[in-house]
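*Asks:* Here are the chains, one letter per residue:
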Amino acid sequence: DAGVTQSPTHLIKTRGQQVTLRCSPKSGHDTVSWYQQALGQGPQFIFQYYEEEERQRGNFPDRFSGHQFPNYSSELNVNALLLGDSALYLCASSLESIGYGYTFGSGTRLTVV
Amino acid sequence: AQTVTQSQPEMSVQEAETVTLSCTYDTSENNYYLFWYKQPPSRQMILVIRQEAYKQQNATENRFSVNFQKAAKSFSLKISDSQLGDTAMYFCAFMRGGGTSYGKLTFGQGTILTVHP
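Here the protein sequences come in this chain order: Y and D.
In terms of my numbering, the first sequence opens at residue 1 and continues consecutively.
In terms of my numbering, the second sequence opens at residue 1 and continues consecutively.
None of these hints come from the bench; they were simulated from the model.
The model shown is predicted, which means the values in this text are computed figures rather than measured ones.
There are no misleading hints in this set.
Chain D is nowhere near these chain Y residues, computed Cβ spacing over 12 Å in every case:
1. I12
2. K13
3. T14
4. R22
5. D62
6. R63
7. H67
8. F69
9. E75
10. N79
11. A80
12. V112
Here are a few chain Y residues that face chain D, going by a calculated C-beta distance under 7 Å:
13. P43
14. F45
15. G101
16. F104
Rough simulated footprint, nothing fancy, chain D against chain Y, three-plus residues with beta-carbon under 8 Å:
17. 33-42
18. 52-58
19. 84-94
Just so you know, even glycine gets a beta-carbon here, dropped at the ideal spot from N, CA and C.
Whole structure, please, built from the sequences with the hints as guidance.
*Replies:* Right under this line is the structure:
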């Protein structure tokens, strides 16, 4: 049973560009969350999707947007990239009853130059 | 807003020994969940153990156990019989049990654990 799959694993972009990161949740999971993890820090919550809608959002600017598809997969889009957007982006999936915890992917390492 | 604090940036332990990682949190909620996640160099965050705040019994998963002190808002992780594969960054995380922000994990800063042979 595949876990959470994220693509690409690494990405280098130039300031001002736009990027799309992709996530396929664990089989049977319907809720997807995205986190940003700066080097040596704990992950920070970006937003969560359930039933193709953004259910809640962390303290991130509107440059960060997302989407969830009918098959529960998700995309994270970041516009007008800044150097400070360089980080590991983690996708996590769960069933709607999320008290049991999340299954995380291995992340996408984004470097903005 | 909830906050999670891990006061030990780095810890080390000899193989087969026991180590305890500390975590404190701040919340006004009564219904919540606490988690310990492990992040090895492979980057994947792996759930180690979870605790439901309304359960007084401390959670245990094989060599991993927690000491949950609700009144003190403390949630430490004890790793017994440490193994080389336990070397990783460990994160303590908090999640509300309902209402707004349900589903949002708030992480601590992490503790790097190194197990020496």
